[in-house]
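> Join the two chains into one complex using the hints; note that each chain is given alone, in its own frame.
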Amino acid sequence: MSASAAAEALGAPAELRQRQWATLARATLRQWRARIGLAIFLLMVLIALVGPALAPHNPDAFVAAPNSPAGQHGLLFGSDYIGRDVWSRFLDGGRSILGMAVAATALGVGLGTLVGLTAAYLSGLIDEALMRVADVFMAFPQIVLALLVVTALGPKVWLIILVVGISHAPRTARVIRGAAQQIVERDFVKAAEAVGEPRRRIIFGELLPNVTSPLLVEFGLRLTYSIGLIAGLNFIGLGIQPPAADWGVMINENRLSVTVQPWGVLLPVLAIALLTIGTNLLTDGFARATIGIERGE
Amino acid sequence: MATFLLKRLAFGLLTLLLVSIVVFAATQALPGNAAIAILGRNATPARVAALTRQLHLNRPVVAQYTSWLGGVVTGNLGISAATQQPVTQYIGGRLANSGFLVLVSAAVAIPLSILLGVWMAVRRDRPADHTMSVLTLGLAALPEFVIGIALVLLLATNLSHVLPAVSLIPPGEHAWNVPREVILPAATLVLAVTPYISRIMRASMVEVLESDYVTMARLKGLSDRTVIWRHAVPNAIVPAIQVSALQLAYMAGGVVVVEYVFSYPGIGAALVDGVGNRDIPVVQALALIIAAVYVVVNLLADIVTILVTPRLRTAGR
Numbered sequence: 001m002s003a004s005a006a007a008e009a010l011g012a013p014a015e016l017r018q019r020q021w022a023t024l025a026r027a028t029l030r031q032w033r034a035r036i037g038l039a040i041f042l043l044m045v046l047i048a049l050v051g052p053a054l055a056p057h058n059p060d061a062f063v064a065a066p067n068s069p070a071g072q073h074g075l076l077f078g079s080d081y082i083g084r085d086v087w088s089r090f091l092d093g094g095r096s097i098l099g100m101a102v103a104a105t106a107l108g109v110g111l112g113t114l115v116g117l118t119a120a121y122l123s124g125l126i127d128e129a130l131m132r133v134a135d136v137f138m139a140f141p142q143i144v145l146a147l148l149v150v151t152a153l154g155p156k157v158w159l160i161i162l163v164v165g166i167s168h169a170p171r172t173a174r175v176i177r178g179a180a181q182q183i184v185e186r187d188f189v190k191a192a193e194a195v196g197e198p199r200r201r202i203i204f205g206e207l208l209p210n211v212t213s214p215l216l217v218e219f220g221l222r223l224t225y226s227i228g229l230i231a232g233l234n235f236i237g238l239g240i241q242p243p244a245a246d247w248g249v250m251i252n253e254n255r256l257s258v259t260v261q262p263w264g265v266l267l268p269v270l271a272i273a274l275l276t277i278g279t280n281l282l283t284d285g286f287a288r289a290t291i292g293i294e295r296g297e
Numbered sequence: 001m002a003t004f005l006l007k008r009l010a011f012g013l014l015t016l017l018l019v020s021i022v023v024f025a026a027t028q029a030l031p032g033n034a035a036i037a038i039l040g041r042n043a044t045p046a047r048v049a050a051l052t053r054q055l056h057l058n059r060p061v062v063a064q065y066t067s068w069l070g071g072v073v074t075g076n077l078g079i080s081a082a083t084q085q086p087v088t089q090y091i092g093g094r095l096a097n098s099g100f101l102v103l104v105s106a107a108v109a110i111p112l113s114i115l116l117g118v119w120m121a122v123r124r125d126r127p128a129d130h131t132m133s134v135l136t137l138g139l140a141a142l143p144e145f146v147i148g149i150a151l152v153l154l155l156a157t158n159l160s161h162v163l164p165a166v167s168l169i170p171p172g173e174h175a176w177n178v179p180r181e182v183i184l185p186a187a188t189l190v191l192a193v194t195p196y197i198s199r200i201m202r203a204s205m206v207e208v209l210e211s212d213y214v215t216m217a218r219l220k221g222l223s224d225r226t227v228i229w230r231h232a233v234p235n236a237i238v239p240a241i242q243v244s245a246l247q248l249a250y251m252a253g254g255v256v257v258v259e260y261v262f263s264y265p266g267i268g269a270a271l272v273d274g275v276g277n278r279d280i281p282v283v284q285a286l287a288l289i290i291a292a293v294y295v296v297v298n299l300l301a302d303i304v305t306i307l308v309t310p311r312l313r314t315a316g317r
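Protein chains in written order, with this note's numbering: chain D, 1 to 297; chain L, 1 to 317.
Next up, chain L with everything else stripped away, as it sits in the complex (with noise of 0.2 Å):
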């Protein structure tokens, strides 16, 4: 199992690695002078030279590539070409928000997909059943800037106006104190991830329920509660568990809109003005930061399911 956890944890850094190439390709090495890009066609060329000199622009994109890796390494990640404060500086508050909004969103999302999974899959094929069917088929598919915006106009506004609709959190105020603000967002996440490890918990339950082992536990005489959820649930978990790690890395990308549709100011938001205002080194440090969640997660997961999995974690020994 080490010898396993090892290779998976270089193959981790191995992607981090490539991860960091495509985010500095595809910003500062594409065709097109990013300088020119943030000043505007009508820059002067005095100015361009500057910023070209400033961003070191100048020099051979390799070398521009290790130095900018050689800061993420050691934890400067530049100055922000909008606000000329240090990038840690400008997303270190933002990316507490947005980590404790994604936390309180799985918190809340993974435990209840998978009772609504073990729920439908106890009376498959029933009304119930169907209908969580396609109301999780339903939410799936809807894209969350529209879900936040459903939810706005159900909670937020003239029918009935009990939450706030714009996440007012002051600068320097972590979101946890002000937990009302979070509600919403975090509801539109929880519906967003919720259909599909729920559906997924549903499909591997019923499978599981049709095994020998769970008739076998019934034959014997064991209660409903103590089938389901000693003997069907612990086995049904592992796919729930590799979607769940999917979902939570998938959250990283939603907070983008998400956190834009509440103003939520967290990382998502700090992004979309990043790139509205091509301010680069901050649009790299948050790809950088989101994709690493991506590669962790799926690390964690994959541990995870060596821990839940009693096969899988004797097989070293």
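Next up, chain D with everything else stripped away, as it sits in the complex (with noise of 0.2 Å):
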């Protein structure tokens, strides 16, 4: 027998591992809070994804006088502050939002993953060392952190993705710490070291894999807050710059003339709302089906 063979007997076999997903989707389906969550953020998403190729004018383009209202020269919700299309542009703006917030979370969520699986496993003096840096950096509010480097490097797109990326990372590793503390202490990771099985080994494919619950809760919280985080840079004016059709750009554009021409703001407005609270209502059912599961319900 391998030594990975010997440490899988051990732990969770692959086709078990399976059939736990399986019985985990049932779960988190089964929930009204989750099905609406999904078709939620499925809808925003196709809305992203899909709707610059349905936008019928050039988003940058301008087509009619300024805050023309709706229904007008043949634009189903008017034009902006400086007459282009608000529907071709709400079509075009979900796009930037949505990559922005989902690299900054996979990069986040990847690294917090990374540092608190190397803290729960290595403990002692590096846990110690890790987590504290990891405080340090916890005491700023996300935003600010990200202003901070934005200050100095100017607003740029990869940097937004990437700072606020590493203001979840110590929020991320603590959770991922807290679960794996009490996988490490399991026979399978005993049996794993007995077999002299090496470190990134055992961290990558004993303890991952027992942790990938609480990962996936952790992704769409963060995923929630990377949506909100960015689309408030943007909404700011400190993060993707005019003239780009994003969301967060148009609810700042467009809220002075909001008493002439609302659509400007309330679509982006919406869309932004939508899009946290689907994701939000999908990541609450599925926490609760593992809670459930765990509980043998």
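Bear in mind the hints are in silico, worked out from the structure with no lab data behind them.
There may be inaccurate statements among the hints.
[Unchecked claim] Covered by chain D, per the in silico footprint, the following chain L stretches (three or more residues, Cβ under 8 Å): (1) 106-118; (2) 202-213; (3) 245-257; (4) 291-298.
[Stated by the list, open to error] If we take Cβ atoms under 7 Å as the criterion, some of the chain L residues that face chain D in the derived model are: (5) 18; (6) 19; (7) 26; (8) 27; (9) 143; (10) 159; (11) 260; (12) 272; (13) 277; (14) 278; (15) 287.
All values derive from a computational prediction rather than experimental measurement.
Where is the CB? At the ideal position from N, CA and C, for every residue including glycine.
Structure representation (structure tokens):
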């Protein structure tokens, strides 16, 4: 019997794991909140991805007088504060937020998981040091950390993805560390150690597969916050820069003329609200399902 | 208990020191010349050199840091690059305005959340509880600026113009003298933090209501009100205190976007301006203050937790 096979016999074999996932997915979708969340989330993702192809006008083109009301000049939702098509800009404006948020979340949760698992497995001084560093970064509200870096290097898309990701990492690291600490004590980890598996293999091969549920919950939660943070940065003018069509930028551009042309604000506000609510409902449904299964319900 | 507090205090100070290093490193020690960043790529070499001298950028990084930190400790935060005012003077009034906004919001949000959490726990698994659970979940997901804009759309525009959409507070005027201008930004913060505190309070309360001593109190024939408020709530409140502290610290960051939405003259709006103008001394000071709020509030939460938990209060005796 090879080393990894011995460890696997003591852990959860792949087949069993697959069955567990099916059970988890069913338990998640049995809840109304998760179904509604999933439907909203998929709808918003669809708009963000397919929207740009459906936009009737060039989102940057001036097509009518500023703040034309909905329905005039054949524009479904009228024109924005400088005469661009609101509907086209709305359809084009989700991709940037969703893309940046997913990238930042993947980066942050990935980094946080790496740190959390390492801290839990190595314990002792290294654990202590990693958690102290995490504490220092957690003293900054995430938006303040982002603004600090933007001050020095300017509002650049890659920089915002990077810093929002990094600001998630200590928070995720704490959660994953907590989940992994219980796994480290289990027999199959001891068995893997006994047969001399390298640390890297234990962390990624033994610990990681056993924290996937909290990891997915973290991903959903962090995605919700990433969308809010990045939309917020774009909204205050320190994220993606105009004339980019982006939901956050749109809200800021059109809010002064909201009394004459509400759609330029209303559509992107609704879109961001639905996207975050959908993500959060789905995540909560999934978290409830994992807790329910653990309790043997 | 005294040793615990001293340890906690020392730890807080250490965190603050490390925080100051992060603030400094992010703004002033990152690769790239801060003077060019401020003046733009087209600045003449002479102007860049002059500003470099003015900001002491020609000195080694460590020397720059220690002299900046020395200034911070003695209350000299430097000169704002954008307004040429001393930073302390520039942010003083704004700090008071933001402090007032956060305190008002907390004073409303914390009791409200605790009531809501208790109410949900008492009606556990009934339709009211489920409805509130989904409502608070949805509200918790919303970014603050979306809540703020939604409030403006509902209460300050065509639909019903009952409150000002923009907090017009004249320079030099304190926010507490014009309370009408504070209502919407405060309501935004309240709506942003209430879901978190109330959900924790509900969870903690549900657990306590299932405990033996609550059953015992009920069996003794005590009224529902006494059982809930005298026996259950004091035991369920500790997690809510901890989360309230986190939310209070979170509000210090939340003001950044909320103040921008309402043009509220506080440190959040000043930070956004400072970042836009690359006013490094102002940004450094504000980031440091906001992080310090987090450290201090967490310290206070730990102390309050000890004071309200009999088990911990007497542990050192």
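> All hints are to be evaluated individually against the structure, with a verdict given for each.
Hint-by-hint comparison with the structure:
1. Counting residues of the stretch 106-118 of chain L whose CB lies closer than 8 Å to any CB of chain D gives 0, so the stated coverage by that chain is violated, three being the minimum.
2. Interface restraint, the stretch 202-213 of chain L with chain D: violated (0 residues with C-beta to C-beta distance below 8 Å; minimum three).
3. Counting residues of the stretch 245-257 of chain L whose C-beta sits closer than 8 Å to any C-beta of chain D gives 7, which meets the bar of three, so the coverage hint holds.
4. Only residues whose beta carbon comes within less than 8 Å of a beta carbon in chain D count, and the stretch 291-298 of chain L has 3; three or more means the coverage holds.
5. Against a cut-off of 7 Å between C-beta atoms, the interface hint on residue 18 (chain L) holds, since the closest Cβ of chain D lies about 4 Å away.
6. With its C-beta approaching chain D no nearer than about 5 Å, residue 19 (chain L) sits inside the 7 Å limit, and its interface hint holds.
7. Interface hint status for residue 26 (chain L): upheld, as the beta-carbon distance to the closest one in chain D is roughly 4 Å, under 7 Å.
8. The criterion of a C-beta within 7 Å of any C-beta in chain D is met by residue 27 (chain L), whose closest approach is roughly 5 Å, and the hint holds.
9. Because the beta carbon of residue 143 (chain L) sits about 3 Å from the nearest beta carbon in chain D, less than 7 Å, this interface hint is met.
10. Because the closest C-beta pair between residue 159 (chain L) and chain D is about 9 Å apart, greater than 7 Å, the hint is violated.
11. Of the supplied interface hints, the one on residue 260 (chain L) holds, with its beta-carbon coming within about 5 Å of a beta-carbon of chain D, less than 7 Å.
12. Of the supplied interface hints, the one on residue 272 (chain L) holds, with its beta-carbon coming within about 5 Å of a beta-carbon of chain D, less than 7 Å.
13. Interface hint at residue 277 (chain L): violated, since its Cβ lies 9 Å from the closest Cβ of chain D, which is beyond the 7 Å cut-off.
14. Here the hint on residue 278 (chain L) is kept, as its CB sits about 6 Å from the closest CB of chain D, short of 7 Å.
15. Taking 7 Å as the C-beta cut-off, the interface hint given for residue 287 (chain L) holds, the closest approach to chain D being about 5 Å.
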